[in-house]
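Peer 1: Work out the full structure: start from the sequences and follow the hints.
As a plain string of letters, each chain reads:
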Amino acid sequence: MSIYLDKNSKVIVQGITGGEGSYHTGRMLAYGTQIVGGVTPGKGGQKSEHGLPVFNTVREAVEATGATHTCIFVPPPFAGDALFEAYEAGISFAVCITEGVPVHDVMSVVGATPGMQIIGPNCPGLISPGRASIGIMPGHIFKQGNVGLISRSGTLTYEVVDGLTRAGLGQSTCVGIGGDPIIGTTFVDCLRAFANDEETKAIVVCGEIGGSDEEDAAAFIAEHLRGTPIVAFIGGRNAPPGKSLGHAGAIISGNFGTPESKIAAFKQAGVPIAERPSDIPALLKKSIESLNS
Amino acid sequence: MNLMEYQGKELFRRSGIPIPRSQHCTTPEAVGDFLAANPGEWVLKAQVLMGGRGKAGKIKFATGREQGIALAREIMATPMPPNRQNPKGEAINSLLVEEKLSIAKEAYCAITVDRATKRPVAMVSKYGGMEIEEVAHEHPESIAKFFIDTAIGYSPFIGRELAFASDLDPGYRKQLPAILASLYHLFFEYGAKLVEINPLALTTDGRVIASDAKVELDDDALFKHKKFAEWHAVLPLDEDEQLATEAGLGIRNFRRFGGTVGTMANGAGLAMATMDAVKFAGGEIANFLDVGGGANAERVRNCYELVVNHTPAKVFFINIFGGITRGDEVAKGIVEALRTTTSRKVPLVIRLTGTNEEQGRKILADAGMTPVETMDEGAAQAVRIAAGA
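Residue numbers (my numbering), protein chains in the order written: chain F, 25 to 317; chain B, 9 to 397.
Derived by calculation from the structure, the hints in this document are not laboratory data. Certain hints may be false.
[Said to hold, decoys possible] Just so you have them, the derived chain F footprint on chain B, three or more residues with Cβ under 8 Å:
no.	segment
1	51–61
2	118–131
3	282–296
4	358–367
5	380–387
[Said to hold, decoys possible] Straight-line C-alpha distance at most 27 Å; calculated BS3-like pairs for lysine-lysine:
no.	chain 1	residue 1	chain 2	residue 2
6	F	K67	F	K167
7	B	K113	B	K222
8	F	K291	B	K287
9	B	K287	F	K309
10	B	K134	B	K153
11	F	K310	B	K287
12	F	K71	F	K34
13	F	K167	F	K71
14	B	K340	B	K353
[To be verified] Now the stretches of chain F that chain B is said to cover, found in silico as 3 or more residues with beta-carbon under 8 Å:
no.	segment
15	157–165
16	170–178
17	181–189
18	240–249
The beta carbon of each residue, even a glycine, is placed where N, CA and C say it ideally should be.
Peer 2: Here is the structure:
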């Protein structure tokens, strides 16, 4: 099994007739994802360019298709509303790709939608290689296997995955949790899911400066995942304090979010730190061997 | 976006948070007119985003027209002294003329976004008037916090709990719950990421007043209030932000560090990792640059020119991982950008991988450029070139 997503997951796309939504729906279908329809208010009853049914509301889409997962491509001012709509219609897993969602909207949604797992916003989505993908990750670089991967970034994730795949280390599920200050699903949430997943035998945590997600992840690993081979990477170690670089979340303020604090936390949890993304496969193999011997 | 004090206080006023009587003035003459009409001693405060106004002599006391004009001229004559983040300081374009308070105590209160709990956190400390980071360092136990459930919102007990937990002077107790209520309203109504009153003054006659105002609005939520576009227009961008904007990038996508290895990557995470790789290879980074998606010729040229014209870069390291971005399109962009630029030429090191990488490399090779295979290799080569080896 993978986490969160497999080939039986029924997925709808909110914003399916928009440019991005339409393009990535095609890619997700080509990867094998079970996309069962989409939502665009006012275009209910039509077919998308992929021949999928379009509904006016998420409720109609869920009633007609039995979808449990949604992928959201709507513009930033409407993303919070789209998440609330998904929640009220009974969706249990929502991926919000949209970048630039107001932080208060995200805070309101995550505080009022218990039971719905939200990935993002401002994220590339997730993929269970060989089975299904929700979001915008380039499927061809992934390979099915036993490494679970969690990351705050998009292209850096691809870089790391590419290295793993070339080294023969396939992946169970890769989750891009997003680079915003407030996100629905954190490293710890993913680690908990990986801990309960039989297919996942090793984990890569791709963090970056800012916030305390990495420190929380290290604490969780120390308590629950001592026997699992895990490698961590921290991006932005040479960033100066006080300014965010690209990701709104990647900002060092005061003593919080420094690379030193994150590295120390992982070391204390017995997790080796890769100096460079290219060091990850070798470190992981070493860790797998030493824990298996 | 961070607001200036007068803008923050305007939001405080609208939200019912007590502030000193004040007048915002853009010229020394306006200050003089105001003081002529309003007898007594007033405080002239430079309106800037940089901290340390007091130490820089940019806060002064004045009485009457003549002194008001003279001191306002003096404050506005020179910019704020430079610091590491603002190497040119900051020009002073306006002043806030404010009632001089007779202060008995100074406290701190703020509401901000807490990442870990995903909730707003209200914070109160009896140590006001100093940087909260300093307080957190020296008296961490003194900062009382309450994580507010957004589904419930603010309730006055939160203010009472915080007043007692932080051991505030009893003079604050009655008024703090209402002030925090207004602060929470402001925080939500205007989509702020931080609202901070430091110091929150207790005057000798028993009033509790916001002596300063620090408000950081969410750039992604500015569309919610029309007024913010006007305010945004008068706020100074720092040099890097200004340059990024001119190059058509987001304000967070470019930052300079003074080294000789210029960098550009697609995606913030990869751009940070690219800087780390250069550092690891022993080089000094000229800049951080996230080109974003869709690296077409115009965008690549803008980025190239941004780096070679505004940093001491001796080499430009382009690191593209084509996920959705197609390698052949990026390659065309690079070739076209280099063909059309009029800026100085520096050697390029190009790492291009992912979707359509073979076609992309062929396009580069046909143009006489040799891409490298990996990020590490590219970083090492760029560092060698920058070192003149």
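Peer 1: Each hint: holds or not?
Peer 2: We went through each hint and held it up to the structure:
1. 51–61: violated (count 0)
2. 118–131: Coverage by chain F holds here, the residue count being 6 at a Cβ distance below 8 Å.
3. 282–296: Answer holds; 7 residues pass the 8 Å Cβ test.
4. 358–367: holds (count 3)
5. 380–387: holds (count 3)
6. F:K67 to F:K167: 37 Å, violated
7. B:K113 to B:K222: 19 Å, holds
8. F:K291 to B:K287: OK: K291 of chain F and K287 of chain B at ~22 Å, within 27 Å.
9. B:K287 to F:K309: The hint holds at about 26 Å.
10. B:K134 to B:K153: With a Cα-Cα distance of about 12 Å, the restraint between K134 of chain B and K153 of chain B holds, given a limit of 27 Å.
11. F:K310 to B:K287: 25 Å, holds
12. F:K71 to F:K34: 18 Å, holds
13. F:K167 to F:K71: This hinted pair is violated, its Cα atoms lying about 32 Å apart.
14. B:K340 to B:K353: 18 Å, holds
15. 157–165: holds (count 5)
16. 170–178: holds (count 4)
17. 181–189: Since 4 is at least three, the answer is holds.
18. 240–249: Violated, because only 1 residues of the segment 240–249 of chain F bring their Cβ atoms closer than 8 Å to Cβ atoms of chain B.
In terms of the numbered hints stated before, the structure departs from hints 1, 6, 13 and 18, listed from lowest to highest.
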